[in-house]
Amino acid sequence: MEFEPVIGFETHVELAAKSKVFCDTRAEFGGEPNSYVCEVCLGLPGTLPVLNKTSMELSLKVALALNCDIPEVTEFDRKNYYYPDLPKNYQISQEYRPLGRNGAMTILMPGGREKTVGIHNIHLEEDAGKLVHDVYKGRGVSLVDLNRASTSLLEIVSQPDMRSPEEAEAFMETMRSLLRYLEVSDCKMQEGSLRFELNVSMRPKGQKEFGTKVEVKNVGSVRAVLRALDYEMRRQTEILEDGGRVIQETRLWDDERGETRSMRVKEGAKDYRYFPEPDLPPVHIDREYLETLRKDLPELRDAKRKRFVEEYGLPDYDAGVLAAEKAVADFFEECTRLHNAPKVYSNWIMVYILRELGGEDEKEIADLKITPEHLAQLAQILDSGKINQNIAKKVLNKSLQTGDLPEKIIQEKGLEMVSDSGEIEKFVDEVIVEQAGPVEEYKNGKDNTLNFLVGQVMRKSRGKAQPDTVQELLRKKIRGEQP
Amino acid sequence: MSITADEVRHIALLSRLELSDDEVELYTGHLAEVLKYVEKLKELDVDDVEPTSHAIPMFNVMREDEVMPSLPQEDALENAPDRADPYFRVPKTTE
Ligand SMILES: [Zn+2]
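Respectively, the protein sequence lines represent chains W and F. Taken in order, the first sequence gives residues 1 to 483; the numbers are from the working numbering. Taken in order, the second sequence gives residues 1001 to 1095; the numbers are from the working numbering.
Since the hints were made in silico from the structure, they are not lab data. As the structure is a prediction and not an experimental result, all values here were calculated from the model. It is possible that some hints are incorrect.
Said to hold, decoys possible - Listed next, the in silico DMTMM-like pairs over lysine to aspartate or glutamate satisfying Cα-Cα at most 20 Å (straight line):
1. W:K137 <-> F:D1085
2. W:K130 <-> F:D1047
3. W:K130 <-> F:D1085
4. W:K386 <-> W:D404
5. F:K1092 <-> W:D85
6. W:K394 <-> W:D404
7. W:K88 <-> F:D1075
8. W:K464 <-> W:D429
9. W:K306 <-> W:E114
10. W:K53 <-> F:E1066
11. F:K1092 <-> W:D134
12. W:K137 <-> F:D1082
13. W:K363 <-> W:E28
14. W:K188 <-> W:D367
15. W:K88 <-> F:D1082
16. W:K88 <-> F:E1064
17. W:K18 <-> F:E1064
18. W:K343 <-> W:D330
19. W:K53 <-> W:D186
20. W:K61 <-> F:E1064
Claimed, not checked - Partial list, derived from the structure: chain W residues whose beta carbon lies under 10 Å from chain F:
21. S19
22. C23
23. D24
24. F29
25. L44
26. G46
27. E57
28. D85
29. P87
30. I92
31. Y96
32. L146
33. P281
34. H284
C-beta: ideal position from N, C-alpha, C; glycine also.
Produce the entire structure from the sequences given, and follow the hints as far as they go.
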């Protein structure tokens, strides 16, 4: 029997507000443990939360971009549970009147197929602190750092609409791109500011009803999510093929071992007893204000991709690569604004620049030593004919390493094309004398020997002669014409 | 509507309360009384009434996104029953 996965995601994103969601404490990654705290986020008695306007605004932007229904009134609720990363013993969240429902996000699959993934709801809540496990006097203890406690966390709950790892990957990439385009978060998965919680079940292909789903937590990267997904699909399929039953549970991903394992949470322990948060008055979402936000939404990835094809004549694939990250797309457009050579930039960015990005330290284009000014200057010099493609690539790589402007590199290294025809002529004459054999062959009608001779001249000029000029010159000289 | 001893134990667990068997029996009785009283509310027709979540008609109380100085670390940790600077120290959580 063939099984297919049914996949959904809870996307958690830490919003880029300067202060926390319900108090004016700094909201920033890192920092000495327990140094970004106050009476409110420590949950001291008698303190009251006040909602951060920016947190609400960033959340609404996401809800708009994901085409959600946004209610006239949104409210907060208490989610009650005991865990030391949560000093109040409840988390302020939104259960009954979240700020967005019934949204949709379109993902683009390889080959151009579009698929719509439903968004069940979007709600704003406070993040929890961090625990470090340690041993003290022979017993296990947990050390609590509350810097992250009560920072703004937006949770986006998708419908279980994905049916393959490829769709799951496209969903994560599209979501990350959207959140970064909206500039609501830095989306650094390494630092936990973007987290994908996976839920997956298996069912026989063709069956309508869903199977029993399993949630997977503790997955730190898109790659890890895909590994966890692959593991769960195999684990659940094996159980079902043996006639067994999948248990509905939350499992933790162990990246080192490459497996998920049960959290063994007791049945019924997940009893959150939600009730309206009495300390936070409801929020009326003004329609006019919402329209202003909607108008200010940036052009998103897929729209930009289409425009790049139309405006710059780029192939659709290239346009897609450039538009994936707003910073890269902006970089590209800034280059074309400085000097109009879109296809050259597109090629350089895809081949030489993108490979420098990402990696362990999640490097961004703004972190590079190269700027649009470098690329524009290089393209301009290339267009003038002073250098050829090959040398331009060398200069580009040098600029990437040193941050020097192309003009300076070309001057210092003497990379400019030899335009002095006297010098080229000298090389050509030398080659005709040195390579008497091949010259004879060419004279006897073996045309492709000419390429060999051009190569010899290029070597003498150390790549700085124009091959076309060299070829012309060689042909004329061998035939005995006046150059 | 009635309540069972097991439900009382469950609620006690959720509230991190340790109850003796005698107390479970006592509170089962008390809670049953409370529920019976609340049951009376069902006699009212509230079909056209919006559920009340807040007693005061107040909306959109928000603050600007401005950072104020944090509590000094020493003050933050001062009242903790147990600490391992610069952390709070608690019994190990299961995971
Ligand atoms: Zn605070």
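- If you draw a straight line from the CA of W:K53 to the CA of W:D186, is it 20 Å or shorter? holds (19 Å)
- Can W:I92 be said to touch chain F, with a Cβ gap under 10 Å? Violated: closest Cβ of chain F sits about 14 Å from W:I92, beyond 10 Å.
- Satisfaction of hint between W:E114 and W:K306, Cα-Cα up to 20 Å: holds (14 Å)
- Query: For the hint on W:Y96, does the least C-beta distance to chain F fall short of 10 Å?
  - Reply: At 8 Å from the nearest chain F Cβ, W:Y96 passes the 10 Å test, so the hint holds.
- Pair hint outcome, W:K88 versus F:D1082 [Cα-Cα no greater than 20 Å]: holds (17 Å)
- Item | Given pair status - W:D429, W:K464, alpha carbons within 20 Å | holds (17 Å)
- Supplied contact hint for W:C23, tested at 10 Å Cβ to chain F: holds (9 Å)
- Message: Using the nearest Cβ pair, does W:P281 come within less than 10 Å of chain F?
- Response: With a closest approach of 4 Å, the W:P281 hint holds.
- Is the straight-line distance between the alpha-carbon of F:K1092 and that of W:D134 20 Å or less? Holds: F:K1092 and W:D134 sit about 8 Å apart, inside 20 Å.
- For the pair we were handed, W:K394 and W:D404, check the Cα-Cα distance against 20 Å. Cα-Cα ~13 Å, so holds.
- Quick one, are W:K188 and W:D367 close enough, alpha carbons at most 20 Å? holds (15 Å)
- Supplied contact hint for W:D85, tested at 10 Å Cβ to chain F: holds (8 Å)
Violated hints for the displayed structure, listed by number in ascending order: 2, 16, 24, 26, 30.
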